[in-house]
Amino acid sequence: MKLNEINEPILRVEGVRKSFTSGDRKIEVLRDVAFAISAGESASIRGESGSGKSTLLNLFAGLDAPDAGRIELEGRTRIDAAARGRLIGIVFQSFYLIPELNAYENVLMAARVAGVLNAETRQRATELLRRVGLADRAHHVPAQLSGGERQRVAVARALINSPRLLLADEPTGNLDEKTGDGVIDVLLGLCDETKTALVLVTHNAAHASRCARKFLLHEGVLSPAS
Amino acid sequence: MPWYLYLALKQLFPTGKRLTFFTAISVLGVAAGVWLLVVVTGVMGGFGHKYRGLIVDTQGDIQVRARGLSRQPAEVMKHLEAIPGVVATSPSAEGIVMLRVGNKPTFPGIQGVDIRRVENVIPLRRHIIAGSLDDLDDDTVILSRGLAASLGVWIGSNVEVISPATLEKWQRDEIMLPTELTVVGIFEIGHQQLDGSVAIVTLRRMQDLYDLGEAVHGYNVKLAPGEDVVEAAQRINATLPATSGLYASTWMEAHPGFLFALQMEKIMVTLMVSFVVLIAMFLVTALLLIAVVRKTREIGLLGALGASAWQTAAGFCLQGFIVGTLGTLAGLAAGFLTLANIDSIFRALGSITGSWEEMVAIYQFTQVPAHITAGEIAGIAGYAISMATLAGFIAAWRAAKLKPVEALRSE
Chain A
1 MKLNEINEPI
11 LRVEGVRKSF
21 TSGDRKIEVL
31 RDVAFAISAG
41 ESASIRGESG
51 SGKSTLLNLF
61 AGLDAPDAGR
71 IELEGRTRID
81 AAARGRLIGI
91 VFQSFYLIPE
101 LNAYENVLMA
111 ARVAGVLNAE
121 TRQRATELLR
131 RVGLADRAHH
141 VPAQLSGGER
151 QRVAVARALI
161 NSPRLLLADE
171 PTGNLDEKTG
181 DGVIDVLLGL
191 CDETKTALVL
201 VTHNAAHASR
211 CARKFLLHEG
221 VLSPAS
Chain B
1 MPWYLYLALK
11 QLFPTGKRLT
21 FFTAISVLGV
31 AAGVWLLVVV
41 TGVMGGFGHK
51 YRGLIVDTQG
61 DIQVRARGLS
71 RQPAEVMKHL
81 EAIPGVVATS
91 PSAEGIVMLR
101 VGNKPTFPGI
111 QGVDIRRVEN
121 VIPLRRHIIA
131 GSLDDLDDDT
141 VILSRGLAAS
151 LGVWIGSNVE
161 VISPATLEKW
171 QRDEIMLPTE
181 LTVVGIFEIG
191 HQQLDGSVAI
201 VTLRRMQDLY
211 DLGEAVHGYN
221 VKLAPGEDVV
231 EAAQRINATL
241 PATSGLYAST
251 WMEAHPGFLF
261 ALQMEKIMVT
271 LMVSFVVLIA
281 MFLVTALLLI
291 AVVRKTREIG
301 LLGALGASAW
311 QTAAGFCLQG
321 FIVGTLGTLA
331 GLAAGFLTLA
341 NIDSIFRALG
351 SITGSWEEMV
361 AIYQFTQVPA
371 HITAGEIAGI
381 AGYAISMATL
391 AGFIAAWRAA
401 KLKPVEALRS
411 E
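In the order they appear, the protein sequences are chains A and B. Here our numbering is used: the first residue of the first sequence is 1, the next is one more, and so on. Here our numbering is used: the first residue of the second sequence is 1, the next is one more, and so on.
Worth flagging that the hints you see were computed from the coordinates, not collected in a lab. Keep in mind that a hint or two might mislead.
[To be verified] Result set (DSBU-like, lysine-lysine): computed pairs, CA atoms no more than 35 Å apart in a straight line:
| # | chain 1 | residue 1 | chain 2 | residue 2 |
| --- | --- | --- | --- | --- |
| 1 | A | Lys214 | B | Lys17 |
| 2 | B | Lys401 | A | Lys26 |
| 3 | B | Lys403 | A | Lys195 |
| 4 | A | Lys178 | B | Lys401 |
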C-alpha cells in the first residue's frame, strides 16, 4: 500500500502488523497497515466486526504496541501515557464516564490527569459542554443523563486538552440513529473548528461518508474506500 | 490536589451523595476496631494507673522499709532528703490492732503518720470525706469509710484500741486499759480493701501502741515531678549502708503480682481485640478489590486519558488510607466518649447482669478507672491507618497490573 501523500501528518503509520494468539492458533489482525492524517483532516475506517478496527485505534493511541512497523505521533515514535493525555483524545463506544463525577467533573478529569487543570481549562469545559448542548446538564451525574448526552460529555472530555488527534471508536454504536447523527454532527463540527485530526471508526456508512477520507479494513488490510 | 487523590475522594464521597455504601461500611469497620482497642487499652490501663495513684497517694513514690525497726528516724530522713530528686520524707509505723465499739471488735490495719510531715508526701487531706485532718492528734483517730460503717461510728464517736503490746501486758498481768480514741475524720480512697479496714493515728500514738519508743517501721518518700522512680530507688539504695537494714522499693516492686497480672491481662485482651481491626482490614481489602473488578473499564479509561499505572494504583491506596483515617478518627472519638462514661456504663451493665459486686471484689476499685496515654493512642491510630492503607495497597497492586487496553476490553 502506498503512503498517503499528505503534508506534515500528525500521525504517520507504516508497515504495522499485529497478531494475537488464541490457543495454538496465531491470528493476524493487521497486515502492513499504512496510514497518515494531518491537522484538520477527518478519516473514517469501516470494517466488519472483528476486523481489527479497535485494535488499530489502540495502536494509534499507544495503548497497545505493534508486532512490527512504525507509528509516529507528531514526530515521536514512543507514545507514553503523558503524551497520550496531552496529544490524543479518545471517544469510546461505551462512553466510560466516571459514575461518581458529574458531567462537568468528567470533562475536567482528562485535564486533571494530563496535569493541565487551570482556570482556562475550567472555562473551556463549560464552553465545550455548551457546544455539545449540555450547558444545563453540567451538574448531572451520568446516571441522570441519556445515552446521547453521555456520549456528548465523552466528546467534550476528549477535546478538553485541545488534542492534536481525536480517535473515535464506534461512538454511535450504542445510540439510536437520530441521537447518533447528533453526536457525529458535534464531533465533526468541533474537530473542524479546532483543526483536530479525527479518525472515526464506525459501522455506519452514512457517518463514514461525512469524513473527508474514507478507509476500509478488511482481513487486516487497510485500503481507501470509494 | 493530585488527580488520584481527587478521584479517591470522589469515589468515597461521590458528587450528589454524602457517602457510598462502601465508604460507610469500611469506615464503620475500622471505627469499631479502633473503638474496641481504645476502650480495652483505656480500661486495662486505668486499673494500673489507678492502682499506681492509690499507692502513691497512700505510701508516696518510694517506700523505704526497715528490716525490723529504724531507730534514728531524724537522721535517716535528713540523709534521704539530701539525695537528688527527693523532695520530702515522712516516717511511718504500721500494724494491726483490735478496734472495739461496745462488744463489736474489728481488726483493721493501723498506720501512724507524722502529722507535721505526712502532707508533704501523701495527699491524705484529699481523701477525707468527713471531719478534718487538722483535728488528728494523739487522742483521735481517722477511720476508713468501710471501717466506720462496720463499727457503726461517725465523727465524734469513741473507739477502743487494743494493740499487741497491750495484749502482752495483759498476759504479764499488768493492768492496762484499752486506749480510747475519738473519731475526727473519715476517709475514702476508692479501693475496697483500704476503704474497708484502715485506721490512721498520729505516729506518736502508734509508737505508744506498739511500744516502739522513737523507732519507726519505715519512711515514705516523695520525688520531684518527672523523676524516674526506678532510678531514684536505685540512687537511694546506693547511699543506704548495708548495716542500716533499710531498703527502698518503688510502688511497682512493692506490688509486683497484681501489676503483672494486670499487664498480662492488658496484653492478652489488646492482642485479641487487635484481630478485630485485622478483620476490619480484610473487609476493606475485599470491598476495594471488588471496586477494582467493578471499575476495571474505568481503570482502562484512566490509562487512555494518560494516567500511569502507579497513579491509578495510588488512587486505591489513598482510598484505603482515607477510610483508615476516617475510621480511626471516628473510633477514637467513640472510644474517648466511652472512656469518659465507662464507670456509668459498667455500673449499668453490672446492674443488669448482677455482676457489679463481684467485679468490685476482684478489682477492689469502687469506680471503673480509665487511663490511656498519648503513646497508646498514637500506636492504635498508627496500627489502624497502616493496616487500612495496606488493604488499599493490595487492591492498588491489582489495579496497577491491569493494562489499559485489556481493561477497556473487559466485560
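Outcome of the hint check:
1. A:Lys214 to B:Lys17: Not OK: Lys214 (chain A) and Lys17 (chain B) at ~45 Å, beyond 35 Å, violated.
2. B:Lys401 to A:Lys26: holds (25 Å)
3. B:Lys403 to A:Lys195: Holds - the C-alpha atoms of Lys195 (chain A) and Lys403 (chain B) are around 31 Å apart, at most 35 Å.
4. A:Lys178 to B:Lys401: Violated, at roughly 40 Å.
The structure fails hints 1 and 4 (numbered hints given earlier, in ascending order).
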